[in-house]
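Each chain is listed here by its residues.
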Amino acid sequence: MAVAFDEMNGTDGGLRPAYGELSRWLAEVPPDVLDYRRREAEVLFRRIGITFAVYGEADAQERLIPFDVLPRILAAPEWDMLRAGLEQRIRAINQYIHDVYHRREILKAGIVPEDLVFQNPVFRPEMNGQKVPHDIYVHIGGIDIVRVDAETFYVLEDNARTPSGVSYMLENREIMLRLFPELFARHRVAPVENYPDELLATLKSVAPATSSADPTVVLLTPGVYNSAYYEHSFLADKLGVELVEGRDLFIKDEVVFMRTTQGPKRVDVIYRRIDDDFLDPLAFRPDSALGVPGLMSAYQAGNVTLANAVGTGIADDKAVYSYMPAIVKFYLGEEPILKNVPTWRCREEEHLSYVLDHLEELVVKEVHGSGGYGMLIGPKADKATIAAFRAKLKSNPRNFIAQPTLALSTCPTCVDEGVAPRHVDLRPFVLTGRDRIRIVPGGLTRVALKRGSLVVNSSQGGGTKDTWVLDH
Amino acid sequence: MLSRTADNLYWLARYVERAEYLARILEVTQRLTTLPLAYVGSSNEWESAVATAGCAHAFAATYPEANEETVTDFLCFSTANPSSIRNCFEIARTNARAVRTALTVEMWDAINGTWLELKRFGNGPTSREEFMRFLRWVQESSLRFDGSAYRTMLRNDAYWFSRLGIYIERADNTARILDVKYHMLLPAHERVGGPLDYFQWAAILRSVSALTAYHWVYRESVKPWLIADLLILRDEMPRSLASCYENLVDYLDHIARAYGRQGPAQHQARNVRARLENSRMEEIFQRGLHEFIGEFIDSNNRLGAAITEQYLM
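So the sequence lines, in the order shown, correspond to chains P and Y. Going by our numbering, 399 is the number at position 399 of the first sequence; the sequence numbering is gapless. Going by our numbering, 21 is the number at position 21 of the second sequence; the sequence numbering is gapless.
If you are wondering where the hints come from, they were derived from the structure by calculation, not from laboratory data. Keep in mind it's a predicted model, so treat the numbers as computed, not measured. It is possible that part of the hints are untrue.
[As the list claims (entries may be wrong)] Computed Cβ-Cβ distance ranges for the label pairs, DEER-style:
#1 Y:Asn271 to P:Thr210: 37 to 47 angstroms
#2 Y:Val105 to P:Glu114: 46 to 56 angstroms
#3 Y:Leu116 to P:Pro181: 25 to 35 angstroms
#4 P:Pro264 to Y:Leu116: 29 to 39 angstroms
#5 P:Ala301 to Y:Arg120: 48 to 58 angstroms
Glycine included, every Cβ here is placed at the ideal spot set by N, Cα and C.
Generate coordinates for the entire structure from the input sequences, incorporating the hints supplied.
Following this line, the structure appears as structure tokens:
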């Protein structure tokens, strides 16, 4: 595996300009001050963390996500490129979903195989021919991005259903502004605090045609026992909209109402943080107590907008991911600005033979798998494991994709031994409304706090950082 | 606002108020039981405490006998009693958590802090001293929550619904004390009871934190009919039925004005208030204190139901 690219020092130790001020500051600031701030941040987060914690009940303490006080910094041109790439990708994703549920030109052209769509459990036949306001399906997208060198960013995953984590992006910035005013004074950091405003504007812009001039927006949560409940209540509070549960809503004559102290009030836009399966027990899982009976009928009648739309899973499925560059080209006639991680689809003969020849250097994944199950990490596997996997792969190649093991970029991070490089990824949040696409500069940076680890998931020792985009 | 949110705020306030009331009843009971029998008579004060708390039936189903240990456990720490102090705080916090965004940070800190601290007391106090500290702490927690609400909440429907919860609960509590102890307050009783009853009367006043207030209002020694007057008809006494209804009418009017609509709850509250305003103590005694209180408790429950139906569901 190649030496990882460090976002402060590159690969050759030469200081990169975006990190100039941070590097000088790190050299000036006494180690105990940094340590003190680090502990102070922990106290502040623990206080907020109490609110995180109470929702998680007994195991609350474990569920606190560690915060690293050193910001991850992106220079303006880097962000400009990312932003253009994100906009392009989300436009293509929206057109692709619309196409899949309408004319299906991409399937007819043989670019995406039909079985990947129609046999996919996240495909929603209810959405066939269904009109959604302004043909927008993914109003809130979270695109996971990794970096491997100065120029190359890869999209690791598209999240087109109910991406989470934006509350961390906002809280991280608030804590940093409190703890490091002098560091902000030495930089021109683009703000992120307008995210809730942008989100509200986005949601209002996609209200159904039948709604009033000032549409009513609500945030639908599965309830207090959901692990992301804190984020739901945080966002509802910042948006200034009601945080509703399924039981607060009801349907009458295919219109959605919420029960208020002043009687039923019409709801026009639902920012839902509930999966498709649980939205409406009459249309999907009949055992769901979280949803609203009849919601799909109101949705199909065009009287309410769901954000995100139903059936968007068809765009963020792992099996579909590898077709994303072709999807961008097909709909937009443009070269994708953001690359995919090179992916071999074992369903194709040429790809399969390459994969079989290079098993010891590749990561091989099941297309419908998740959480790292049924996966081969070639460089870390012994001969017997590889041989066993080879047999499995040969018997059902359609079920697998393969990717190279990536050397994710690193950022300086405060750890017990001092400041050291740790691997990071980035999840920017892309908002698509009727009028335009809005992206606040930055996103959520996740960092693998263990030395050498590439796993940024909070469940496995991952933390978060504030993400700074330097202004021009 | 969402009916569920209003409902949660209303019950959050009710449960905190109820916890405080239970703590005060227990404090008074504890005090009475330490007096020599010659001063308070031979009645079972623990039984009376359970009755005043309004859960005599549930208690009898759980314990064979009312004594210090069983009553303390049932009213404070029992998980089987839905209205034990522990459950009051549990439910209050569950409600608070569900409407986190409708609360101010100070209110959330108060109720969440109380809930966290409750664990410190475990399954019961290890000594009488600790028990007294517990009861003080419950009252302080309630004061802290109420004070946070009073000082930090916006004066809008969220605030008004939480106030309605407090006053419905408070009216019910005061009425229940009167319901259980009414026989001590009948004018005829003084002649038969004599000085023996002084401590019982003082206990009634203490349980609504009105012993000092009594002296300021009447400037004379404790007389049973004056206690009844103070707890039922005096506007200036914060836990009197009259004061509770003055507030209920006021907050219901705020809501009606904001929503541009009156309803059954407003009418019901005004009727009860008019009844209290037009009553004289002599007349209440003549027609029967016990009947009067019984009717009041029913009317108060009807108002609770009307509020629920009109706004909370």
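Against the structure, the hints:
1. Y:Asn271 to P:Thr210: 37 to 47 angstroms: 43 angstroms, holds
2. Y:Val105 to P:Glu114: 46 to 56 angstroms: Taking Cβ atoms as reference, Y:Val105 and P:Glu114 lie about 54 angstroms apart, which means the hint holds.
3. Y:Leu116 to P:Pro181: 25 to 35 angstroms: 32 angstroms, holds
4. P:Pro264 to Y:Leu116: 29 to 39 angstroms: Given range 29 to 39 angstroms: holds, Cβ gap about 38 angstroms.
5. P:Ala301 to Y:Arg120: 48 to 58 angstroms: 55 angstroms, holds
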